[in-house]
Amino acid sequence: MRPFKYTNAKDVSSAIKLATGNPNAKFLAGGTNLLDLMKEDVERPDEVIDITRLGLAQIKTTDAGGISIGGLGRNTDAANHPLIRQHHPVLTQAILAGASGQIRNMATNGGNLLQRTRCPYFYDIAMPCNKREPGSGCGALEGINRMHAIFGWSEKCIAVYPSDMAVALAALDAVVKIKGPNGEERSVAITDFHRLPGDMPEKDTNLSHGELITAIEIPKSNFADHSYYLKVRDRASYAFALVSVAAALELTGNVILQARIAIGGVAHKPWRATKAEQMLVGKEATEANFKLAADAEMADAKPLEHNKFKVELGNRSIVRALQMALDGGKS
Amino acid sequence: MATAALCGHCRWHWMAANPDQIINFMKDKEINIGSPVSRIDGILKVTGKADYSTDHPVKNAAYAVIFKSTIAAGTITNIDSVTAEKSPGVLAVITHKNAPKLNAKGGIRGGAMLQSPEVLFFGQHIGVVVAETFEQARHAADLVKVDYDKKEAKTDFEKLHQNGVKPKDKEDEKRGDVKAALENAEFKVEETYATPIYHHHPLEPHATIAEWQGENLILYNSAQIVNGAQNAAASTFNLKPENVRIVSPYIGGGFGSKGGQWGNLVLAAVAAKMVNRPVKLALTRQQMFNSVGLRQRNYQKVSLAATKDGKLTALAHETATHAAIEDEFVEPCGDCSKIMYDTPNSLITYRVTPMNLILPTYTRGPGKSTGSFALESAMDELAYKLKMDPVEFRLKNEPEKDPSNGKPWSSRKVVECLKEGAKAFGWDNRKMEPMQNIQGNYWVGYGVACGTYPAHQRDSSAIVKLKREGSNVTAIIELAAADLGTGTYTILAQTAADALGLSMNNITVKIGDSDLPPAAGSVGSVGATSYANVVNDVCMKVTDELIARSGKQFFVRPTALQLMISEKVADIQTRADSKPLESAEQYSSHSFNANFAEVWVNQSTGMVRVKRFLAVTGAGKILNPKTARSQIIGGNVWGIGMALTEESVVDPRFGNFVTRSLADYHVPSNLDIGEMEAIFIKEDDKLANKLGVKGLGEVGIVGVSAAVANAVFNATGKRIRELPILPDKLL
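Chains A and B, in that order, give the protein sequences.
Residue numbering for the first sequence is 1 to 331, as defined by UniProt numbering.
Residue numbering for the second sequence is 1 to 731, as defined by UniProt numbering.
Read the hints as simulated data drawn from the structure, not as lab findings.
Hints may be right or wrong, so weigh each one.
Unchecked claim - With a straight-line Cα cutoff of 16 angstroms, these simulated EDC-like cross-link-like pairs (lysine to aspartate or glutamate) come out:
1) 26/A x 43/A
2) 68/B x 40/A
3) 39/A x 142/B
4) 97/B x 80/B
5) 568/B x 545/B
6) 39/A x 135/B
7) 308/A x 728/B
8) 5/A x 135/B
9) 59/B x 132/B
10) 97/B x 85/B
Stated by the list, open to error - To spell it out: a stretch of chain B is covered by chain A in this simulated footprint if at least three of its residues, at any positions, have a beta carbon under 8 angstroms from a beta carbon of chain A; those stretches are:
11) 134-140
12) 601-612
13) 651-657
14) 661-668
Stated by the list, open to error - Examples of chain B residues lying across from chain A (beta carbon under 10 angstroms, computed):
15) 69
16) 353
17) 354
18) 673
Just so it is clear, CB atoms sit at the ideal spot from N, CA and C, and this is done for glycine as well.
Throw the hints in and build the complete structure from the sequences for me.
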């Protein structure tokens with residue numbers, strides 16, 4: 001771990017000003033990922049700006065009827081908030097499927113979106129990794145890549161994005177509210193917030209240096225009765241997803257008006273299964289139709305040497321998550 | 001004065017001529033032994049007052065951080081430590097270029113450190129930075145630049161294992177003609193079972209404080225074998241053992257990785273010498289993967305033959321494994337197969353491949369936990385071929401004597417374990433055919449598997465010190481024993497209390513210090529047996545001495561407590577040096593178990609959950625059913641981890657572990673573990689040792705992973721012969 005300066009930000013504008021003034025500074029919120037990476041010499045900021053005293057923790061309804069979740073609220077609080085539990089139970093399930101109780105108590109909602117990949121080659125500075133050290137090569141491409149991407153990867157990087165929360169947010173069409181260096185505010189759809197690796201795997205998101213996530217907004221929807229977050233992992237808790245699926249259905253009778261499917265553990269970002277979604281609209285909610293949709297989506301997968309199982313597992317998980325959503329989301 | 005004499009049939013019924021001299025009738029001898037006493041060190045531990053290795057308050061300590069090789073084979077051509085040395089707070093950067101010459105064969109596992117530029121595995125210790133603070137040392141360690149002349153490394157076991165050679169200490173063991181029996185078999189199984197590399201990962205990573213006082217070296221360092229650590233350190237630094245003191249009162253788990261001592265001890269002592277200050281050195285979790293041994297990857301071929309009525313006619317267990325380049329350690333995977341079942345034809349072999357990986361070492365249930373996975377899976381496979389209940393199949397092949405040497409068992413309760421376990425578990429509810437028990441989206445399966453581990457007593461010495469103030473008598477028990485967190489303190493207080501007639505509250509147990517009388521290690525399930533016997537012996541001895549000192553004769557043997565008071569003795573101390581019973585050699589002594597698992601397998605995702613697990617164990621006298629249960633279910637949990645979640649993965653291109661944190665190396669989480677039950681079969685094995693104890697630290701993990709894998713087969717019809725059984729293997 002490198003020596004660094006610790007700065008305590010008083011308010012949002014001074015936090016942004018401090019960060020803008022130092023290209024090697026990092027915001028510190030829950031610290032559940034950044035501090036680990038600093039100890040392992042992966043992240044090397046020369047300054048951390050503590051933003052835990054800025055507020056931005058409220059959960060409230062918006063004028064448009066949606067729900068706004070403060071960027072610096074804790075994951076646990078978001079998962080357990082009555083508004084979230086009532087209107088977006090899939091988000092509660094997703095958050096509670098992630099990490100451990102202790103970590104969720106520390107981790108913030110904005111920080112969750114910004115957590116970095118758990119690729120072991122990224123984490124070990126003795127290994128090549130284009131994300132950590134551009135140009136050094138991808139250790140995983142021809143290495144142990146059981147946990148890696150099957151969609152949207154590049155020769156430069158096959159890492160997957162680890163968040164569970166973001167997968168549910170992607171299914172819910174959430175919007176990330178961002179404040180910039182000159183006080184300007186902008187909104188980015190969650191599905192555009194994270195990037196595919198392409199030629200710049202070192203850049204995880206479309207957030208620029210100095211920008212701060214102030215809130216995450218979830219638009220009003222009618223999925224509360226038929227949604228489910230399914231996470232498949234190597235142990236029952238405290239493991240990253242092999243594959244996860246956030247599924248949500250809006251039904252009239254047994255006909256699907258709207259379907260939302262986002263997949264985790266398969267790409268450098270939460271993977272919206274738009275092909276599958278489109279196939280389901282107007283169809284009967286049956287296992288056969290779920291299977292057809294899953295087949296169509298997974299047909300585009302490009303598995304690697306050790307993760308071929310993710311195609312079949314992804315397929316089954318989509319079907320299972322949709323069934324669970326149809327049944328009311330109770331496991 | 002009347003004369004005393006032993007009565008004809010029992011040493012305890014002393015005769016006294018004068019009834020006035022009968023002080024009191026002895027209470028039931030076992031009051032505390034056999035009681036579910038909570039750990040007497042529990043409060044200290046949960047309040048943070050138990051000092052682990054680097055917790056000891058040592059003044060003026062500097063901090064050391066190790067740095068490691070980033071290649072698996074080759075030679076260090078240059079180490080640039082200039083920047084590191086100039087970094088704030090740095091006191092020294094120690095590498096092979098400036099480290100003192102040490103005795104490489106002193107008994108430290110992996111040899112002495114920093115003796116040459118040669119690199120034999122990825123993550124080998126190649127230097128240590130010493131600084132005023134831990135953070136300064138850690139930062140400076142990142143600044144050291146190392147150049148290598150890289151060689152081709154042997155890191156791919158899949159490609160190398162067929163070139164294995166016979167280990168130095170393991171001859172092929174043959175009985176009868178396995179080949180012919182297999183050729184003529186009515187039913188047979190010939191399959192290969194693979195287990196991955198597993199790591200111990202004690203909660204307390206390996207850590208040392210080293211302090212030199214002139215020629216004397218004090219090491220605060222967790223040690224499962226206190227005297228072993230003392231001897232290895234002394235030999236490595238060319239000191240006399242009496243110049244080295246090991247202080248290890250509490251151990252935060254070891255599981256075999258603190259049985260031998262590793263580089264952290266050596267480097268802390270080297271660093272302390274070079275900076276002329278006490279030095280604290282603690283490994284990080286990431287460093288643990290290639291610093292303190294591992295359980296090696298094994299390919300085990302098991303061949304079984306049986307008659308159509310289920311009588312085994314042949315059992316062959318052939319293991320291929322790996323060891324380090326310059327040092328060999330092979331865990332005895334065939335041990336269970338030697339004694340578990342009656343068969344006229346038997347073959348046990350090992351082949352080992354040297355590889356550029358850290359030296360493997362003892363890991364809980366060494367050989368038996370992995371070996372039983374292979375043997376007991378094969379037994380299950382053969383039971384299915386025979387269309388026979390796997391419990392019944394095992395009962396049919398129960399050996400009357402130890403098949404490997406013809407000795408009678410000192411005790412063996414496998415039949416009871418199986419029968420009582422089957423009853424308690426509801427084995428009758430099992431459907432023999434797979435995929436018949438469906439609950440919602442889950443397949444449910446039951447599995448059974450047996451296990452065993454040898455029971456031995458080892459030489460140990462102990463001192464008891466009795467002191468009386470008024471009518472209050474207290475005792476101090478001293479021996480260089482180890483408590484891994486398993487309850488040694490507690491069972492010794494229980495044993496001493498009963499032997500002296502004292503309350504447990506009046507007993508102080510002092511262990512974990514090489515200044516105390518030498519004792520066996522807490523390894524190989526010898527700890528409880530060896531320690532409890534010597535403590536019982538020394539308490540009996542001090543009682544004998546008090547009786548002799550009184551000059552009286554007693555009809556009933558009085559306790560030390562009674563004698564201290566009646567004879568107004570202010571203090572007395574004595575020492576006993578105990579050895580195993582000579583007659584124990586005539587018997588084959590082992591603990592045995594039967595394990596029962598119920599698993600639920602998600603039909604969609606392949607995720608396995610162990611809903612219920614029952615271990616039924618025959619392990620001699622149970623000194624403390626509470627700590628015994630904890631030991632057993634602890635072993636069971638690790639066995640479930642072996643079966644379902646744990647795996648250390650090497651990238652053969654680099655020779656490194658890609659699973660190098662506890663986020664990647666998956667020990668079971670609470671949610672992975674269902675209902676755990678432990679039953680002990682009543683046993684009191686006085687043929688094994690005087691107290692009748694057999695030990696159960698190791699046996700708790702043996703047979704567990706096979707029970708789970710067999711249950712997975714019963715649930716799904718899928719026979720997984722390569723652990724761990726991850727979801728993708730069941731899709």
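Here is what the structure says about each hint:
no.: 1; hint: 26/A x 43/A; result: holds (9 angstroms)
no.: 2; hint: 68/B x 40/A; result: holds (14 angstroms)
no.: 3; hint: 39/A x 142/B; result: holds (11 angstroms)
no.: 4; hint: 97/B x 80/B; result: holds (11 angstroms)
no.: 5; hint: 568/B x 545/B; result: holds (14 angstroms)
no.: 6; hint: 39/A x 135/B; result: holds (9 angstroms)
no.: 7; hint: 308/A x 728/B; result: holds (9 angstroms)
no.: 8; hint: 5/A x 135/B; result: holds (14 angstroms)
no.: 9; hint: 59/B x 132/B; result: holds (12 angstroms)
no.: 10; hint: 97/B x 85/B; result: holds (14 angstroms)
no.: 11; hint: 134-140; result: holds (count 3)
no.: 12; hint: 601-612; result: holds (count 5)
no.: 13; hint: 651-657; result: holds (count 4)
no.: 14; hint: 661-668; result: holds (count 5)
no.: 15; hint: 69; result: holds (9 angstroms)
no.: 16; hint: 353; result: violated (21 angstroms)
no.: 17; hint: 354; result: violated (23 angstroms)
no.: 18; hint: 673; result: holds (9 angstroms)
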